[in-house]
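Chains as they are written, first to last, in the working numbering: chain L, 2 to 382; chain V, 8 to 293.
Since the hints were made in silico from the structure, they are not lab data. Just so we're clear, the structure is a prediction, and the values are computed from it rather than from any experiment. Note that beta-carbon positions come from the ideal geometry of N, C-alpha and C, so glycine has one too. Hints are not guaranteed to be accurate.
Chain V is faced by these chain L residues, among others (derived, beta-carbon under 7 angstroms) [said to hold, decoys possible]:
#1 81
#2 94
#3 96
Take a look at the letters that make up each chain.
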Amino acid sequence: MSVDPITARGDLRLTRITKSYGEFTAVNDLSLTIPKGSFFALLGPSGCGKTTTLRMVAGLEEPTVGSIHLGETDITTTRPYQRPINTVFQNYALFPHLTIFENIAFGLRRRGIKDVKERVDKVLTLVELPHLAQRKPTQLSGGQQQRIALARAIVNRPALLLLDEPLGALDLKLRRQMQIELKWIQREVGLTFVHVTHDQEEAMTMADTIAVMNEGKIEQMGTPAALYDDPETAFVANFLGQSNLIKGKIDGADGENLVIDLYGQKIAMPKSRSHAIDTSLYAGIRPEKFRITRTGSQVGGNTLTGGHIEDVSYIGVSTQYVVAMPWGQELMVFEQNDDGVPPFNKGEEVLISWEPNFTFGLRGDEDIEAGMEVNPQELEE
Amino acid sequence: MRASLPKIKTPYLLLFPGFAFLFIFFILPIINLAQTSTQTPIAGGDTGQNEQTFAFSNYINAFIENREQFGRSFVYATLATIFALAIAYPLAYAIAFKSGKFKNILLVLVVAPFFTSFLLRTIAWKQILGEEGFVVPTLRNLNLMGQSTTITSTSVAVVAGMTYNFLPFMTLPLYASLERIDPRTIEASGDLYANAITTFRRVTLPLSLPGVVAGTLLTFIPAAGDYVNAAILGSPNTKMIGNVIESRYFKIVDYPTAAALSFTLMAAILILVTLYIRRAGTEELV
Chain L
2 MSVDPITARG
12 DLRLTRITKS
22 YGEFTAVNDL
32 SLTIPKGSFF
42 ALLGPSGCGK
52 TTTLRMVAGL
62 EEPTVGSIHL
72 GETDITTTRP
82 YQRPINTVFQ
92 NYALFPHLTI
102 FENIAFGLRR
112 RGIKDVKERV
122 DKVLTLVELP
132 HLAQRKPTQL
142 SGGQQQRIAL
152 ARAIVNRPAL
162 LLLDEPLGAL
172 DLKLRRQMQI
182 ELKWIQREVG
192 LTFVHVTHDQ
202 EEAMTMADTI
212 AVMNEGKIEQ
222 MGTPAALYDD
232 PETAFVANFL
242 GQSNLIKGKI
252 DGADGENLVI
262 DLYGQKIAMP
272 KSRSHAIDTS
282 LYAGIRPEKF
292 RITRTGSQVG
302 GNTLTGGHIE
312 DVSYIGVSTQ
322 YVVAMPWGQE
332 LMVFEQNDDG
342 VPPFNKGEEV
352 LISWEPNFTF
362 GLRGDEDIEA
372 GMEVNPQELE
382 E
Chain V
8 MRASLPKIKT
18 PYLLLFPGFA
28 FLFIFFILPI
38 INLAQTSTQT
48 PIAGGDTGQN
58 EQTFAFSNYI
68 NAFIENREQF
78 GRSFVYATLA
88 TIFALAIAYP
98 LAYAIAFKSG
108 KFKNILLVLV
118 VAPFFTSFLL
128 RTIAWKQILG
138 EEGFVVPTLR
148 NLNLMGQSTT
158 ITSTSVAVVA
168 GMTYNFLPFM
178 TLPLYASLER
188 IDPRTIEASG
198 DLYANAITTF
208 RRVTLPLSLP
218 GVVAGTLLTF
228 IPAAGDYVNA
238 AILGSPNTKM
248 IGNVIESRYF
258 KIVDYPTAAA
268 LSFTLMAAIL
278 ILVTLYIRRA
288 GTEELV
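Here chain L stands alone, though its shape is the one from the complex (with noise of 0.2 angstroms):
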């Protein structure tokens, strides 16, 4: 029996996706089950694979080997027009000839739909654009035409609507204020939104669940806490917020915990967040879970002694230290400025210490330059 896929709805799996052009492999050998109902994001850096994905699942380009499912439905070959998928647009791709009543309407027209103005009017409200109705896209700043351009798709009630890098265009203070936006929107809505973006922060924000892709692989998937707090690969410590990675070696193990030796000084962490395969292993603290005190001082976890501030930057909420340990490696240690006891100085030797629950190991084999040399800024394409 065979069903109108545009009537299609359900999970959205990607099974075994590979694209490639040539002999560039953008996409390879890629499995993914997107729940229904849920804010995914797909993140990483440009040309990681991330916007091709997207747009074999809009049905933009055909994956070279591998399915897509939608529900039960395969969906592999169908055209795009005949999937009841929408896509919010890099650059909105709003149509210049139609005002934005028509542009919104598009879709529901193709589709024969009776209620087109009481339905693009309700979108327009849920946007908070509904005086714009009458304008051309040109009239309207950037903000808004995002905005119409997801008005334009979501009034289709698509089982699946595609975000690609949609805030990229627009300057800071509005991104974050959209993000806020997309996320009630989604809630209100309730579909299943697909984001692609190069933008941690914004992927962090928005998404229920992360897939950090890299090399048209996904690295890692968890939800934006479980990626940042366990970090699987140095790719994803870095290019998730920053990391500080020490190269250490597994020293034996203490009930729960391994103990590990880094340089010389041992530390202790919990086994379950180890990643390596073998006794070498890199120990990796977020900046932000470092604690400074002077040398000599009483402090529980774990330390490391033998450190001198480097440099000092002071930015009100929190003060960033660099700390020139002995092995000549410099940590990043952020401190908040919350118990009023005076910065560190440049120069003075401190002790750091933290909770050995905040530690991760990853493989000694790891390259723990990876993914850091990505600009954010830069955009895909």
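Dock chain V against the given chain L, drawing on the hints supplied.
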């Protein structure tokens, strides 16, 4: 004082050569032509000797006498414009969206005919459509054309020649406006449930309308005044208004009628073009 003076004068200085050129070679001849159009021959004078008598009846007489050629000019120009549009649109579309790395080569090929003289190419068409060319024998062999029927010296040949000669003027503006279309708007149309035909009708065509208007004007206006195609490829039965003006000037030496016809042609084109632009409503698209 000295510093501010050149500042004010610079734009005028830059405009001066253009204005001077247009004044001497366009405004003055137009005034002269207007004067000539209402003159009448001097009684007993030589051929071409006229005096100003404000004979506005020249216009009415010239038009009545040549209304057939006027009509033919506009019919031929309209046909050539329609055929050129039908050929150029798919061509420009392919160059703009489907040509990939061959885009520049194809654009050069579109303008390549300009490397040879317009006249030579029209004469070449006489050969192509003539008895010795391959078109006529092929059509005769396929029984698509009677054994005694010819193409040259017919309106078919004139319209074909005009279509060919003005094709680049249609193709280039069409290409320019198609090329400006953001391919994502076409993708967006597909994303919003429009199939290929609907996308063309609702998105691509409306967005390329400025190119259609520019291309049809650049084809229609020179085509309406053209006389080379009718002279080389046609016969006395396919004479256009351009041929009449040419012969009035250079053969009959009847300057007032030629001038009156020129003005009538100009006015007719101006009115048609104004109506057309109003109808197409391009100002909204800019």
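Against the structure, the hints come out as follows:
{"no.": "1", "hint": "81", "result": "holds, 4 angstroms"}
{"no.": "2", "hint": "94", "result": "holds, 4 angstroms"}
{"no.": "3", "hint": "96", "result": "holds, 6 angstroms"}
Violated hints for the displayed structure: none, as all numbered hints are satisfied.
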